[in-house]
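Participant: Start from the sequences and build out the full structure, keeping to the hints where you can.
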Amino acid sequence: MGEVAGFATEPAAGARPSFLRMARRHSILLVGAAIVGFVVTVTILAPILAPYDPTAQSPGGRLAPPSAAHPMGTDQLHRDVLSRVLYGGRLPLLVAAASVAISFSLGTGLGWISGYFGGRLDRALSVVMDAIYSFPSLILAIAIVAMLGPGLLNMIGAIAFVYIPTYFRVARAQVLTLKEQEFVEAARAMGGTHWRILLRHIAPNTLPAVMTVPSFTIADAILTEAALSFLGFGLPPPTPDWGFDIQNGQKFLQAGYWWLITFPGLMIIVVSIAFGMIGEGVNDLLNPRRRRAT
Amino acid sequence: MSRRRVGVIALAILTLALLLSPGAVAQREKGTLVIGTTDRITELSPENSYDYWTWHVFQQTAEALVTFKPGTTEIGPSLATSWTISPDGKVYTFKLRKGVTFTDGTPFDAAAVKWSIERALRLNGPEGGVALIMNIGKIDVVDDFTVRFTLKQPDATFLARMSDPIAPAMIFSPKSTPANEFAKGRYAGTGPYRLVQYVPEQRTVYEAYKGYWGPQPKSPRVITVFFADASALAAAVEAGQVDVGYRTFNPEDIVRLSKNPNLQVLRGPSMSVRYIVFNVTAKPFDNPKVRRAIAYAVDRERIVRDVFAGLNSPLYSMVPPGLWSHVPAFPRRNLDQARALLREAGYSPTKKLAITLWYTPLHYGTTEADVAAVVKSSLEQTGMISVDVKSLEWGAYVKAMSKGEFGIFFLGWYPDFVDPDNFLAPWLTESPEGLGTFLNKATNPADKQAYARFQKLLTDAKLTAEKSKRQAIYQEAQRLLAETAILLPLWKNDQQAVAIAQKNVKGIVLDPTMNFRTWLIYKE
Amino acid sequence: MGGLGRYILTRLVMTIPMLLILLTVVFLILRVMPGDPCLAMLGGRNVGPEVIARCRQELGVDRPLVIQYLHYLSSIARGDFGTSIRTGRPVLVELFLAFPATFELAASGMFVAVAIGLVTGVVAAVRHDTGIDHGVRVLNIASFSMPVFWIGLMFLMLFAVRLGVFPVGGRLDPVGAALFQPITNFYLLDTLLRRDFGLFLDALRHLFLPALTLGLVVSGFIGRMTRSSMLEVLDREYVTVARAKGLVERVVILRHALRNALIPIVTVIGLEFALLMGGAILTETVFSWPGIARFLLVSIDARDFQAIQGTVVFIAIFISTVNLLVDIAYARLDPRIRY
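Residue numbers (my numbering), protein chains in the order written: chain A, 1 to 294; chain B, 1 to 524; chain C, 1 to 339.
A portion of the hints provided could be inaccurate.
[Claimed, not checked] Okay, the calculated bits of chain B under chain A, using three or more residues with CB under 8 angstroms as the criterion:
id : region
1  : 231 to 244
2  : 252 to 265
3  : 306 to 319
4  : 373 to 382
Keep in mind the hints are simulated off the structure, nothing from the lab. We put the beta carbon where it would ideally sit given N, CA and C, even for glycine.
Facilitator: Below, the structure is given as structure tokens:
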């Protein structure tokens, strides 16, 4: 995701809004959060909720269409699709969360340091980050996984690597702006060390802008993980995974067995949109735009 | 403004109409036959290839001394018109056909036969099947149209080995084929087609050779399209983009397309088998107990039922049922026996046997990944094996297997000629390295003994022409194979011998030789 | 030389270190990170130490890193991308054969993305805060939340299989392709050059679904950017001035607002090309499109190290070139940037 979020402006002045009005104004955020919460809960509770073992044969038929016993049908190895869909979110969500956590920490940290201290370090880091940022993320991730081999840590590392520049740029841009502001001058006048100023004063103020990014990168990371699994670079079977199941279901599409790819695909879309909505909502929350008079 | 809008809308409709109109393409004449396949060519070198489609291409564009009559397992004349065999069974004299030319214009004669076959014997590539004709001792040109072969040993199967599509036995032009390098596509045969275009991964194009000695092929031009996967192939057949699809459809697509009234689904008697190969020089497969344990642990029923929707049948011997001398020598599944053997070999639930199982993702159809998954879970059910599944693209797979880089891997087989010898000798005595068993380099004394025994058995069987004697020998060989478990037959590949074609396509013959003779196919 | 010319030169000079960094990153990923690329390629196989030794010698991995790096850079500069162990031909030849397919796909996808994105963005901005605006915002989010490969499969299922109006894959009808002799391998161009209008339409038909798939997914960003950019601009003074002058609303929007809104959009388009390349891998897989992305995947399947390295390097160079061109276009559009 290549978005640099809008800059913070002064919060709109006005009377304290009622709860309902707040809910309506931030409906996108709430709906998104609700969906994500639901999916995460369901995924965590998969061992309880799933009617069958997702990796083993179930008593249902082979490639059976959705029915009462198997609401999402079965696949060609007699596995229940609903169970696979419930379990199948674990890997994408885990990988996305872990990799975004890593890129957030590393990227933001490096962005702060680079933006604040400037000079040669900043120039060097910026060029490196720009270079990585300009490269197609999926191809980079594929190259890393292809060379390191399949595995959970490799996937997390590959995807984390790809998003570091995103956080770097946002954090750095924020630091550059804040560096010149008055409160920084004041802090320096009061005799604060560089690190103190950076960590105590500047860094926290970058957060409104930086915090708008994670939801979008999580959404993107989920899609990247799904793409990697779809192309065969994910974990080896029979681990349930939405992306992998879509690739598996591909060969049965023409024969009319549509449920194999439809349900995993819908899950990916729903979760991804939900995170996107959270992102939009957070953006609105932290960086409200002036309302137009049209 | 509204006039412009009308204009824009009209343009949009026109573009859409043009886009959606079918047949906006060069008119396809009846004479161009389009074949679709998921198979691939490895290397167009008759002396360095041993896989189905590469030899198929040679078969359309070149010929051998004899051939199998379509629809039968009978041998008939091809580039040779008649032959005599000496009483001791070692000397074969062939009278050659006159008036034949190669597609590059060179006349065909006994000198060309000698040159071509000696070349194959000399170059003998590591990935080739030249071992099939290694029994040839001497080739003499008696006169321009008579050639004499003297064998090292009498061999009841020799004539079958001199037939197409056995590439090393086919005759190529001395003018266009490099004498001392692998051909890699540079060759000229006697027809009935010429190879005019080969784009790797995409297509081949054959055109009828006007100077062919026999009847002109029914379709003057044949285009073969290589598909990236079986669903794309099925879709193309359904959409009419491809006239005939062959090798290898998804089982689901076969079932579905059988119900399509616009298509015909042809099934041939299949002599094609699928199996696992062990490299007996690679640890831990140098231990016969490990191999036998795996033989007890595989679940053929599950493979056939789950992956192939019942379209194939479990196989308990390399010699398939339907071929004389078949005996189901391999044991049925028995997890306890498997565990017992593993324990004897020193493994336990805490000290598992760790193996890397290799498969190739496209060549045998897109079901291969599922097969590997089922085998993995069947073996792991013992609780004492842990399986790491890996895959490699077909060309690299063949190279790696011939270099002994795999310990345990999947392979397939269709007969070069229909005889029990061709279901045993290739891995055990003729091409153990080219086919990945490396039995000739076995380290374990039991395996070395087995190798010697196989050599004796299979040679004896070729020395006699009496069928009942040969049958007994081949049965013993099958039992020995089951005991030593150097190969592990899994299923008989009925599903691969399926061709799906448009209703107007005629002339497709699917016989036990698995030869796909495009020169007989035409459209009405 | 003029301001623009000097700007171009400056950008060119600045592109080289960027490209160098990119190539270094690729080097680190392919050669340094896995420890021993030979082990990565030969992993799981029963190979003796001589085989690994020979592999290392061939790939140059047995030499010190610095030497490897210099050799790597110099061979790229010479255009020597190595030989594919799978096809036996030079990697650069394979890439030049496959690249036009990917470029046609990416360019068409970009065209679709810009068309959809601009239109929805402008409409949403003009109808700001109405139902249409919200709807477009949701559509934008949806478009980049959808897995490209899933959308492609859905389109395939609906239009190619069920309705049969579009082909299921490939660039041309197989018969047409066999009889056709490409010149540049850009089929849209070649078919016109050979005056084969029927084949041109056929190529277009094959291009339609993959381009639509790719473009749809990227259109969201462009739509979003267009919308916010237009909103900024519509508020500006010169728009108020134009309105005050009494110009028709449509003219105001298209001529004045959009022109200025385009500036940031152009940069986004440059960034989106990188996204397109990523999406191209998935689209090429779903639609059996013989481009460089597919070549990369087959090479990975065959553990063909030189081909893998060559393809990634090639993509890096391509992206850098695109970024350079976008920067120049940006300069041309924005009169404020002149050195």
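Participant: For each hint, tell me whether it holds in the structure or not.
Facilitator: To see whether the hints hold, each was checked on the structure:
no.	hint	result
1	231 to 244	holds (count 4)
2	252 to 265	holds (count 4)
3	306 to 319	holds (count 3)
4	373 to 382	holds (count 3)
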